[in-house]
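Enquirer: Listed below are the residues making up each chain.
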Amino acid sequence: MSVLVYTESENGKFKKNAFEVASYASEVAKQLGTTVTAISVNTEENEGLGSYGVSKVLNVSDDKLKAFNAKAYARAIAQAATKEGSQVIIVSSSTDCKFLAPILAAKLQAGYAPNVVAAPEGTSPFTVKRTAFSNKGFAHTQINTDVKVIGVSNNAFGAHENSVTASVETFAPSLEDGDFSVKSVEADKAVGTVTIADADIVVSGGRGLKGPENWGMVEELAKVLGAATACSKPVSDMGWRPHGEHVGQTGKPVASNLYIAIGISGAIQHLAGISASKVKVVINTDPEAPFFKAADYGIVGDAFEVVPQLTEKLKEFKAQNS
Amino acid sequence: MKILVCISNVPDTTSKINFADGDTKFDTNGVQFVINPNDEFGLTRAMWFKEKQGATVHVATVGEASVEPTMRKALAIGADEAIRVNAVPTDGFFVAQQLAQVVKDGGYDLVIGGRESIDYNGGMVPGILATLLDMNFVNTCINLEVDGNNATATREIDGGKEKITTTLPLVVGGQKGLVQESDLRIPNMRGIMMARQKKLNVVEPVEAINATTDAKFDKPAPKGAVKLVDNVDDLVNLLHTEAKVI
Ligand SMILES: Cc1cc2nc3c(=O)[nH]c(=O)nc-3n(C[C@H](O)[C@H](O)[C@H](O)COP(=O)(O)OP(=O)(O)OC[C@H]3O[C@@H](n4cnc5c(N)ncnc54)[C@H](O)[C@@H]3O)c2cc1C
Ligand SMILES: Nc1ncnc2c1ncn2[C@@H]1O[C@H](COP(=O)(O)O)[C@@H](O)[C@H]1O
Chain A
3 MSVLVYTESE
13 NGKFKKNAFE
23 VASYASEVAK
33 QLGTTVTAIS
43 VNTEENEGLG
53 SYGVSKVLNV
63 SDDKLKAFNA
73 KAYARAIAQA
83 ATKEGSQVII
93 VSSSTDCKFL
103 APILAAKLQA
113 GYAPNVVAAP
123 EGTSPFTVKR
133 TAFSNKGFAH
143 TQINTDVKVI
153 GVSNNAFGAH
163 ENSVTASVET
173 FAPSLEDGDF
183 SVKSVEADKA
193 VGTVTIADAD
203 IVVSGGRGLK
213 GPENWGMVEE
223 LAKVLGAATA
233 CSKPVSDMGW
243 RPHGEHVGQT
253 GKPVASNLYI
263 AIGISGAIQH
273 LAGISASKVK
283 VVINTDPEAP
293 FFKAADYGIV
303 GDAFEVVPQL
313 TEKLKEFKAQ
323 NS
Chain B
32 MKILVCISNV
42 PDTTSKINFA
52 DGDTKFDTNG
62 VQFVINPNDE
72 FGLTRAMWFK
82 EKQGATVHVA
92 TVGEASVEPT
102 MRKALAIGAD
112 EAIRVNAVPT
122 DGFFVAQQLA
132 QVVKDGGYDL
142 VIGGRESIDY
152 NGGMVPGILA
162 TLLDMNFVNT
172 CINLEVDGNN
182 ATATREIDGG
192 KEKITTTLPL
202 VVGGQKGLVQ
212 ESDLRIPNMR
222 GIMMARQKKL
232 NVVEPVEAIN
242 ATTDAKFDKP
252 APKGAVKLVD
262 NVDDLVNLLH
272 TEAKVI
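Chain order of the listed sequences is A and B. Just so we're on the same page, my numbering is the position in the first sequence counted from 1, plus 2. Just so we're on the same page, my numbering is the position in the second sequence counted from 1, plus 31.
Everything labelled a hint here was simulated from the structure, so no lab data went into it. This one's a predicted model, so the numbers in the text were calculated from it and none came from an experiment. Each hint should be verified, as a subset may be incorrect.
[Stated by the list, open to error] Computed Cβ-Cβ distance ranges for the label pairs, DEER-style:
1. A:D64 / B:T196: 17 to 27 Å
2. A:P127 / B:E82: 15 to 25 Å
3. A:D148 / B:N60: 30 to 40 Å
4. A:K295 / B:D54: 17 to 27 Å
5. A:K295 / B:R216: 53 to 63 Å
6. B:A252 / A:K191: 36 to 46 Å
7. B:K135 / A:E49: 40 to 50 Å
8. B:M220 / A:K68: 48 to 58 Å
9. A:P127 / B:Q132: 25 to 35 Å
10. A:E178 / B:A246: 31 to 41 Å
11. A:T287 / B:T59: 32 to 42 Å
We treat Cβ as the ideally placed atom computed from N, Cα and C, and that holds for glycine.
The following block holds chain A by itself, in its conformation from the complex:
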């Protein structure tokens, strides 16, 4: 009966979103009068999940699952759900979770609600609020099936401490060869930089920056803030920046606490993908740029002057406040 949450990790350590989804699961469990069980794969320090309301951890330790594999991971989670009799399963909105969630939903004949931004509005019928129309609207979605899969939007619910004692059990799902018929050959992932999905702060550049050679100052600013870098669509179409940095309606969604847009006009397709961010700052030479209507703070000015100044100022600020 417990609420099951899949807590993601990387190199054995829980990702930040693991604590957010655990907190969300804990809220759902409270509403349903039950407890939270987490399933983790190849992780250490599982007891730590207790701080976020998880009372039992099913830890899978299996070399075959070292590289993420959506089908195999979905099978493991489905088996954990069956074992625990879980009717509600919580996952994050990471790229991996968005890959495995539909597979999991199909396996369990479960309704799946993605991009959920708040605690359930009711449990009978089970109703959640989620973003739709690329952040231009919200849908209040009822899940009609016995088993429900919920994808929690990044940074929407937050991590909340709620300490219980977590017991840790080893869990060995029975995986089949067919689960590994989609094979990861190699992953090419920037090391030591923050990803857009995990970032609290995203610094994004547009065509106003004139050329790829000018991204040094964007990277510099991002570094001071511990931020991820992103860009508008034409910037990645022209090959100034990698495709993975393209954000917006047809790119990656951004739901950071702070989004800084430099030399980006604020086209509707761009805004659609980033408007879930809490605070938006725009730096643009044109006071008429549509982005100013969507932003919280703005500087009308030349990025080539403002950005280096901002970086310097933030360096001073960080030095004083650390």
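Chain A is fixed; fit chain B with the ligands onto it per the hints.
Expert: Here is chain B with the ligands on its own, set in the frame of chain A:
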């Protein structure tokens, strides 16, 4: 190779979003509908397979007759045939079950869908479809090559990309990258004329579950005016003391 491209009919990316009937429905008034951008990348890649590897390309949509102009556009771009499942696409699980029947009946080797529809943002139809049919599945696919029964794909991951090998039959959830932006095609006159001759088959839905219901919609609260500052000192100060984000 027989390819099915799943097309979702969505409001144009510039559409203003409104709701009707006591906020229970999307208001289609004055809205222009287009091929879901993620599917357009997939369709264009399918055209490449048609031209370079002799593939047959069909497109399928679950929707009412009002989606036919979007399907004609896909035919004008070069798909050989279209299939419309005559049902309102209320829920991703429902749509996937309908498409599963289409795939079974048509014996497709490769099914190309999009990472998500830009309207309801479900991001679930291709994954559910693949699982119902026990086909291989690659999501957020940004490159796809097929050689006989083997497929090589690249998938976008958080912070990078991952190279994948697998086999047909395969379902992919595609997006920008599958082809370049500049490869997208605008239907020309000849394509539009030819599309009129092509088959647009209408089939009735199979019995299926509706796993979710969107009961109500609303819009984000309107935003307050931007605070303009003229120097970085003030900006840093505001971000720290007022917005509390640094
Ligand atoms: C189907 C479709 C999907 C799309 N999806 C997306 C999407 O997902 N994401 C996306 O971003 N776009 C998307 N677009 C494109 C979108 O419509 C815009 O074309 C794009 O966002 C514009 O990018 P930009 O703001 O970088 O460039 P521009 O519109 O050229 O704006 C550049 C800005 O930089 C400013 N500027 C110039 N010089 C300086 C300077 N020295 N200092 C400061 N500012 C300066 C200018 O005033 C201007 O406002 C999509 C379009 C379509 C048709
Ligand atoms: N009504 C539909 N008819 C055909 N294909 C669809 C439909 N809805 C979604 N799809 C496909 O599934 C993908 C993901 O859609 P969704 O799960 O709705 O976000 C889309 O990009 C399409 O390829």
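Enquirer: Let me make sure I understand: some of the numbered hints might not hold for this structure. Which ones are they, in numerical order?
Expert: 2 and 5
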